[in-house]
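Put the two chains together into one complex, using the hints given.
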Amino acid sequence: MSTSYQLKRADFIFKNENDWEDVLRKSISRPPNELINELISSELKGRGGAGFPTGLKWKVTSEEVNDVKYVICNADEGEPGTFKDREILSRVPFKVLTAIAICGHVIGARTGYIYLRGEYFFLQNELNKAINEFEYYCKEIKFDFKIKIFMGSGAYICGEETALFESMEGKRGEPRNKPPYPSSFGYMGKPTVINNVETLAHTYTIFKYGSKRFYDLGVQYSRGSKLFSVSGDTPKPGIYELELGMSLADFVEEFGDDDTKAVQVGGASGFLVPRKRFAETNIGFQGKLVGISLPTGGSMMLFNSSRSMFNVLDNYLNFFAEESCGQCTPCRVGCQQLLKGIKAVKRGEKNAQYLDKMLKLAETMQFTAKCGLGQSVGNSFSSIVENFREEMIY
Amino acid sequence: MRKKIKISINGESVEVEKGTSILDAAKQTGVIIPTLCYHKDLCIAGNCRVCVVEIVGQKRLAPACATPCEDGMDVLTNSFKVRNSRKHIIELLLSEHNTECTSCYKNGGCELQLLASEYKIMNQDFINLVPFHNYTIDMFSPSIIKDDSKCIRCQRCVRTCAELQGVNALTMSYKGDHAKVTTFFEKAMNDVVCTNCGQCVNHCPTGALVEKNYIEEVWNAIADKTKHVVVQTAPAVRVGLGEELGFDPGTRVTGKMVAALKRLGFDAVMDTDFTADLTIMEEGTELLTRLKGALVDKNPTIKLPMATSCSPGWIKYIEHMYPNYLDHLSTCKSPQQMFGALVKTYYAKARNLDPDKIVSVSIMPCTAKKFEANRPEMHDSNYRDIDYVLTTRELAIMIKQAGIDFLKLKDMHFDRLMGESTGAGVIFGATGGVMEAALRTAYEIVTGREVPFDNLNITPVRGIEGVREASIKIENTLKAWSFLEGVELKCAVAHGLVNAKKVMDSIVSGKSHYHFIEFMACPGGCLGGGGQPIPTSPEIRAKRAEAIYAEDEGMPVRKSHLNPEVIKIYKDFLITPLGEKSHHLLHTKYTPRNRF
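Same order as they appear, the protein sequences are chains Z and B. Heads up, the first sequence is in my numbering, so the first residue is 1 and it goes up one at a time. Heads up, the second sequence is in my numbering, so the first residue is 395 and it goes up one at a time.
Hints listed in this document are in silico derivations from the structure and should not be mistaken for laboratory results. A couple of the hints might just be wrong.
What the hints assert, rightly or not - So the derived label-pair ranges between C-beta atoms look like this:
no.: 1; chain 1: B; residue 1: H572; chain 2: Z; residue 2: A50; range: 44 to 52 Å
no.: 2; chain 1: B; residue 1: E940; chain 2: Z; residue 2: A50; range: 49 to 57 Å
no.: 3; chain 1: B; residue 1: H572; chain 2: Z; residue 2: K360; range: 20 to 28 Å
no.: 4; chain 1: B; residue 1: P694; chain 2: Z; residue 2: F121; range: 49 to 57 Å
Stated by the list, open to error - In silico lysine-lysine, DSS-like type, Cα no more than 25 Å apart, as pairs:
no.: 5; chain 1: Z; residue 1: K26; chain 2: Z; residue 2: K146
no.: 6; chain 1: B; residue 1: K481; chain 2: Z; residue 2: K343
no.: 7; chain 1: B; residue 1: K434; chain 2: Z; residue 2: K171
no.: 8; chain 1: B; residue 1: K896; chain 2: Z; residue 2: K171
no.: 9; chain 1: Z; residue 1: K178; chain 2: Z; residue 2: K212
no.: 10; chain 1: B; residue 1: K421; chain 2: Z; residue 2: K357
no.: 11; chain 1: B; residue 1: K421; chain 2: B; residue 2: K400
no.: 12; chain 1: B; residue 1: K475; chain 2: Z; residue 2: K178
no.: 13; chain 1: Z; residue 1: K178; chain 2: B; residue 2: K412
no.: 14; chain 1: Z; residue 1: K190; chain 2: Z; residue 2: K171
All residues carry an ideal CB built from backbone N, CA and C; glycine is no exception.
Same shape as in the complex, but just chain B (with noise of 0.2 Å):
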């Protein structure tokens, strides 16, 4: 326990622990203050100024965020000083801001413009300075727009890509009148080490670094009659998307998800999760033909661990970073790319439709996936596998467009064929969550029994540490996996790219144990992704993972292999797990690039 301080704020006494800050100080006291580079997740920058508060006896103001309390100060959040300062520099952030908000994406969503309106900003006669500067807008990336023009240097995400990611493909160069968020050289964002996560976009409080959006080609593709429209949702969408449409955070939404999907005309709605559980089947299999291959053949070129490919953000990321690593990936593609395999082979032939003319869309909390569909490899139906990627984001405006009270809609159930799931394939949402669905079913395929652990939950591998690490012993196998008796299988599960690294950096290193490495690109995992809602913040994440794991319980099957639909595939089209024709619609292969 800290010591306890008193200070004063606004003339109200506030007993708080020693090292509060003055922002937290006054959250207790139900006073808020006003924060622009101030994130939750973040380390404190102080540079925006928004936040500063005057200290009774000090000529200078405070900025709240980054001024711990000190016993018997007086502050105050409302003076006529900090009044005029406060605004002030929002009239300074105006000037240097693009403000042609009618006209951009984060209209509505930006916290620029929300404390203009606080303050009512309305004789801003500073000179505006965009024209004194070349602002230019990055559009090359497939997944993230990045205009300059509407950045407020507030460095949040510079600040989530080193801290949060550890990639810092966004730093600040130039200094004074020129500072600027840029990449390594000023490169577009598609040339840099950039693993298109989209944390930066959930971080950035204006519309400086948005997700490029793909709402009109669908509009397009809805009303093109002799399209048929096909759209998946991945497991982390309908515990997020309510946040946008009226809901508290952590609530599910998964049948009024599927009946707004419906309205808005899709031809077929399906879920991310059938092939989540599919993802299990052909991972989970491969893990043991590899453990065989190296703890039983000994062959040198079978790599261990094995590491999840399901985030698109964590192969770029290893690309980038440890392109002498990629054989420890899982060939496995994401679910995303096995549903958009299927869709236009297994799908098409079971509804007897022209591959051609359909159009498959996915739902994605996260905004590397629109990179992910957009690989050259990422063509083995012989067409575009997935046509176009949606955030949440980006559905929740789809729906306030279309006009459809959420609020409202009575519960409806995906389609047949590719739409039923477990609680394996929807825990795939959460970090941890790939690592306990693999286990539920790798340990009941080799040992003929259910995972030791109380009612499925293999909560080791749950919880938001950056960073952990589960055991299971193999005993008393079935007589075909024999080689694995007594086996204790060693599995880590990392999430947020900066964790990502540090078991990376133990795995070149040659301190790793571990069998099994499960890796989410974003904090939290899927449910933390680039595309979610924004605000996201710890808590928001606790919520949203509450969620899932509920969802889970809920689910009258909650085992990978017992999916009805994962195990009419294989009869009918797949035959086996790595098969050939899972090789050939399931898997994938890597590419090495350039760190910079």
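So here's chain Z without its partners, still in its complex pose (with noise of 0.2 Å):
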């Protein structure tokens, strides 16, 4: 059952701080590796939703002997149901900024790209004013450092790290083969460090603090405080910034209606909890806890009792099979085929074990498809048909 932990707000992506002068200025002035093990020691894990220790990747791309290296900051934030990276890059620009630059000095890059959402381009003026007076201070504290701005397109893939890469060189936004990783081959075969928006803003906060400020919020394996984007069914949608390791239980007890059927966490890409896994599910990484542990990049969708399952999960495969660059057989034709093989369940035209033989290509894509995309579309499937089969048939 739920631990004794209860919700706890924290406050320090958007507590406003004017001294990134100051974090910059001091934390340049440090040697990498001392700045490497303050984020190793943070036990910072990847924002964005698949949790890479953040420190071991500035490391191992710190290593990599290159003239050339980048830093990309990944704000092609498209996943269904997360708001909170434009919330960052318009409010706190520059403790976004402050720390791509940290990271360039941290490996050895005097580039840093921050790729933007197609559909944020209202945000380009501000943040180029910010980059602007940004790039001032640099020059006159004698860092070397430049920040641009590179606009995406409006695809989802391109979120996925070297399908972003690919579409800043010019190319078709499709995920590359793994190995080589972006830590040696990455943006123009570049030792490249590529992270969040989210994460990018707590190394500001861990170099200003110390690692153990962070250290100490959260559980044991999900260390720090994350935003949550909190939407669906609730009274009070918007951004919270939590401690990591609440029990789903306290987190639908503070945000549910009172009538909350299921939990999407992580968004499209994640999983479905229903009301019964409430309790016994936590939101973090992997790790030892009681219970399930569910990593998110932040977006929490509540569902009540009104809400068909069958409509959701058809959503979500709507827009899989729309959004997945088509080059690998298992997403391209496994979304087809699960979202058409619902629709023929729903219909009739498919007994209703058709959707076993779903949930084994389900699988199947997991263990096979190219990037993150494809191998992750059986989570929500997977976890709505195994909870809402009956939705699924009648």
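Structure (structure tokens):
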């Protein structure tokens, strides 16, 4: 059952701190190794959803021998139900810019890019103003670093890091084969650190206050706080910074409308948790917590009893069938089969056992798809079909 | 020497060089992993996922083609998980694919069909997705048919068009369920930069890209008793055809091919090699004339380097990509089209035939030749010079349809008048061959001596490098050519259009000092042509090249100007190279084209 953990609000990301110049100046005067160790001991994991240890990412890239390296801020926030990154970029852009520059100092990069989601063009002007001010200060303190914005064009898949590189290189946004990984072969074939907007914002906190302040938040394996984009059937939708490790029951207690049927954790590519599993589900990275741990990029969608889970799944699958890049078979064809398959079952053209065949297909997609998109379609599909089988058929 | 590492494949230990893919490592232990998007000529895509294998300890399966071996890796290629996943993927591909196999041109030669048969996909009950897509069949090109309903999006054609040819006529567009291989703004293949080289056809695993075949038309012509059907065979066909009919790559089947063509019912079986030799006479003379014009007379309208014009894929490429450089092209028609123009004039006259009743067929290693025959200017005999062009593959189909046991055929000789060839004509089929043949003749015309290479083998122009260079110093010339005394003739050879681009860009930038350049659209030259047997690979092309040069060595005459029938045609009909008749029948002009 649920631990005694209660929802704990945190306030780091959006806290108004007009001290980015200090943080930048002090940080870049520290040796890269020290900064890396700070990050490693904070146990910060990527906030985009995949949860790769940030310190390790920076460390590996810093060890690559190359004259040219890049830092890229992934602001292609496209996961359905996520809307925190645009808020960070519009409210505290300097924290992100500072973090990009510090990363550049750590790994030995002189250029940083913000890959801005196509739909966020309205952020571009303000962000450019901030960049100008930031670069002016860099020049003043004789720190050689440039930041540029690269506008995306609206494809969900370009949030996948290697598809993002392809897109920046002027090519079709298709994920690459891995290995090689971005740390050795990223943008333009150069060693690249690519981090989510929020991850970078957290590094600002860590460099400013030290790793302990961050580490003390959250629970084992899931340290620190995280922004949650709360939407759906909730009386208070919005963005909330909470410590990691809460139970979903506590979350629903706070944000639900007393009729919460299920919560989609981690957007369309995440898992749907039915009411009966709220208590045993924790929000955080996989580890030795009691019950199930679900990672999330921050999207929390609440559904109440008025919602048809068939429609929800149908909506997700339509999204995936369209947003798959289309290069690998399991994702391109698999998404179409799942989408057409649930419709066929609903219409009675395929029998209920066909759902089982599709569950196996979803598993194959998880095992064989080229990138995270295809691999994670099965998350929502399986969790919805297994928990709401009846709604799929009748 | 790269570092050796040890991995285990299905429990068997194998030592491989670091960086080796699991696919290649498996091959070394005799384990075959199925592939679709993989092709030896192309970069790794890793998108079909048919080659997935299990790496013990990893939850996800890995594509064998795209995953490098790591020391101590424990790989399973046939585990429960692998088999089920692989079967799923084949089923998915079939659900998206127009599986009307019996009416497909590639029936029996389709890699997806073969996989379906190996894995016995019999209870495929995924939903048929074909009706949900608005697939089209593009039949506008005279060379290539593109049927999207048979495409499995492996992108082999896209990579071929980009990496081997640098043309990018085919690209991926749209995403997700709409992802497809298409052209600029989805124009028809005949409206875009497509050079008709057919390399995409040669690399396509299914029936999505095939040659436009004219097999029935040729059968009908043969059956028509009022027609006199003449066939010519290109040099590269004789070293490729055997592969379709049970021989190993690199087997020369010239005599059997002639015998088979006679059995099929052609009224005359003659040789494109003859007009290859004729091309050397015309093109060699043109080169020498240009050299005089440019070097001695300093005539600014005469352009050097001169580029060869035998490869119709190359011609269409330069027309699209470098339309301001068409003056560099030799005005000589290709051997196929010279043959066509002569069949309905010289041959008709000599045999006392009505040219209207002659049907002229050519067997080519090439799909672009179909386009070339269709060019409006190729009517200099007052008829369509070449009526039908068949690829090596189509000829093999006809031979099989006719029930000919090819292996048992006795060798026969080409018919007279336009059937005699030399070693110089034969090597037209390999990259560097036109250059070598031209040098053998031009050098001798100018100096009266044979080219200064051992046994006439001009080895610097042979080989597989994309661009090769050679130079010959001209010394002790005959009196008439004394203006070339001391000139160092600089030549280059490029094959594969991506290499042609490199050479052309050096010309555009003014850095090129060449006098004469041979361009071939396809990798390896015609022997690697888009109409040659499938599959192709660097090894297969090397075998075909060996066969071509062996054929050359075995010829009694190895210099174009000594071909007795070439001597005869100048005596009886053409009079002199670049003469009035030649100008009318054997030379042509080019058309600037748009670049999209």
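### Task
Find the hints from earlier in the document that the structure breaks and name them by number, from lowest to highest.
When the structure is compared with the hints, numbers 1, 9 and 10 turn out to be violated.
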